[in-house]
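S.K.: Each protein sequence line maps, in turn, to chains A and B.
So the first sequence is numbered by my numbering: it starts at 57 and just counts up by one.
So the second sequence is numbered by my numbering: it starts at 6 and just counts up by one.
By construction, these hints were calculated from the structure, which means they are not laboratory data.
Careful: at least some of the hints might be erroneous.
Stated by the list, open to error - No more than 16 Å apart at the CA atoms, straight line, and that leaves these computed lysine to aspartate or glutamate pairs for EDC-like:
hint : chain 1 : residue 1 : chain 2 : residue 2
1    : A       : K59       : B       : E47
2    : A       : K111      : A       : E125
3    : A       : K69       : A       : E135
4    : B       : K114      : A       : D94
5    : A       : K109      : A       : D84
6    : A       : K109      : A       : E128
7    : B       : K57       : B       : E68
8    : B       : K114      : A       : D115
9    : A       : K127      : A       : E78
As the list claims (entries may be wrong) - Between beta-carbon pairs, the in silico distance windows are:
hint : chain 1 : residue 1 : chain 2 : residue 2 : range
10   : A       : K69       : B       : P45       : 22 to 28 Å
11   : A       : R70       : B       : R72       : 48 to 54 Å
12   : A       : E152      : B       : R72       : 23 to 29 Å
13   : B       : S84       : A       : R129      : 40 to 46 Å
14   : A       : E112      : B       : T31       : 17 to 23 Å
15   : A       : M110      : B       : P122      : 45 to 51 Å
16   : A       : E112      : B       : S8        : 16 to 22 Å
17   : B       : T31       : A       : R129      : 30 to 36 Å
18   : B       : S63       : A       : R70       : 46 to 52 Å
Think of the CB as a built atom: it goes at the ideal place given N, C-alpha and C, for glycine as much as any other residue.
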Amino acid sequence: DVKVTQSSRYLVKRTGEKVFLECVQDMDHENMFWYRQDPGLGLRLIYFSYDVKMKEKGDIPEGYSVSREKKERFSLILESASTNQTSMYLCASRREGQSYEQYFGPGTRLTVT
Amino acid sequence: GNSVTQMEGPVTLSEEAFLTINCTYTATGYPSLFWYVQYPGEGLQLLLKATKADDKGSNKGFEATYRKETTSFHLEKGSVQVSDSAVYFCALSVLGLGGGSNYKLTFGKGTLLTVNP
Numbered sequence: 057d058v059k060v061t062q063s064s065r066y067l068v069k070r071t072g073e074k075v076f077l078e079c080v081q082d083m084d085h086e087n088m089f090w091y092r093q094d095p096g097l098g099l100r101l102i103y104f105s106y107d108v109k110m111k112e113k114g115d116i117p118e119g120y121s122v123s124r125e126k127k128e129r130f131s132l133i134l135e136s137a138s139t140n141q142t143s144m145y146l147c148a149s150r151r152e153g154q155s156y157e158q159y160f161g162p163g164t165r166l167t168v169t
Numbered sequence: 006g007n008s009v010t011q012m013e014g015p016v017t018l019s020e021e022a023f024l025t026i027n028c029t030y031t032a033t034g035y036p037s038l039f040w041y042v043q044y045p046g047e048g049l050q051l052l053l054k055a056t057k058a059d060d061k062g063s064n065k066g067f068e069a070t071y072r073k074e075t076t077s078f079h080l081e082k083g084s085v086q087v088s089d090s091a092v093y094f095c096a097l098s099v100l101g102l103g104g105g106s107n108y109k110l111t112f113g114k115g116t117l118l119t120v121n122p
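I would like the entire structure built from these sequences, with the hints used as guidance.
M.R.: Written as structure tokens, this is what we have:
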């Protein structure tokens with residue numbers, strides 16, 4: 057079974073802190089994704105990476121950056137956390153190709169105070 | 006652009022009732038279509054998928070048919086159970102601008118289903 061793990065289930069940070077969210081997948085997938093999920097807004101794509109060291113902006117990249125130095129790991133970075141970044145963050149991975157589904161991690165609920 | 010519209014919830018049913026959650030889409034190109042389910046406190050997991058017109062995806066008693074003529078992918082189940090209570094997301098995957106590896110999922114906003122005993 058594909059496994060996607062995220063470093064924390066719950067995280068509380070202060071405004072202005074630098075925050076790292078880590079995601080690791082064990083199926084040698086080429087593509088990895090970061091989403092945030094908010095009530096009434098569904099899932100919104102922040103960034104994705106289709107290969108090591110490659111990244112592309114999603115629909116809401118402002119205030120975020122990413123890093124993919126190794127194929128299995130995709131990190132989301134909040135350079136200076138703000139209260140409007142309080143959300144559920146979901147990581148996903150997928151084998152490259154249109155018909156392949158994405159596999160999701162359990163999510164990290166981040167609260168910025 | 007690409008978009009997915011699914012019926013607004015919440016949907017509340019009694020056990021053994023028939024379920025339909027409507028999903029329609031717009032896409033530039035020929036998409037693959039997916040239904041994901043999110044149980045309370047968990048991430049999303051794939052429920053079923055269809056990759057070409059008239060395909061029927063099915064899993065755990067749920068099914069959905071890819072209808073290209075009506076750009077729809079409605080989710081149905083003949084008899085729901087309490088354990089089906091979850092949020093359901095319709096999604097599409099299509100090659101983005103520039104081709105290459107630019108396959109992204111576009112999600113609907115989700116439909117909360119509650120099944121009462």
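S.K.: Each hint should be assessed against the structure and marked as holding or not.
M.R.: Here is how each hint holds up against the structure:
1. A/K59 - B/E47: holds (13 Å)
2. A/K111 - A/E125: This hinted pair holds, its Cα atoms lying about 11 Å apart.
3. A/K69 - A/E135: holds (12 Å)
4. B/K114 - A/D94: holds (10 Å)
5. A/K109 - A/D84: Status holds; Cα separation ~15 Å.
6. A/K109 - A/E128: Distance of about 11 Å is within 16 Å: holds.
7. B/K57 - B/E68: It holds: about 15 Å lies between the C-alpha atoms, which stays within 16 Å.
8. B/K114 - A/D115: holds (15 Å)
9. A/K127 - A/E78: holds (13 Å)
10. A/K69 - B/P45: 22 to 28 Å: Holds: the Cβ-Cβ distance is about 24 Å, inside 22 to 28 Å.
11. A/R70 - B/R72: 48 to 54 Å: holds (50 Å)
12. A/E152 - B/R72: 23 to 29 Å: holds (27 Å)
13. B/S84 - A/R129: 40 to 46 Å: holds (43 Å)
14. A/E112 - B/T31: 17 to 23 Å: Cβ of A/E112 to Cβ of B/T31: about 22 Å, so the range 17 to 23 Å holds.
15. A/M110 - B/P122: 45 to 51 Å: holds (49 Å)
16. A/E112 - B/S8: 16 to 22 Å: With a Cβ separation near 19 Å, A/E112 and B/S8 satisfy 16 to 22 Å, so the hint holds.
17. B/T31 - A/R129: 30 to 36 Å: holds (35 Å)
18. B/S63 - A/R70: 46 to 52 Å: holds (48 Å)
Of the numbered hints given earlier, the model fails none.
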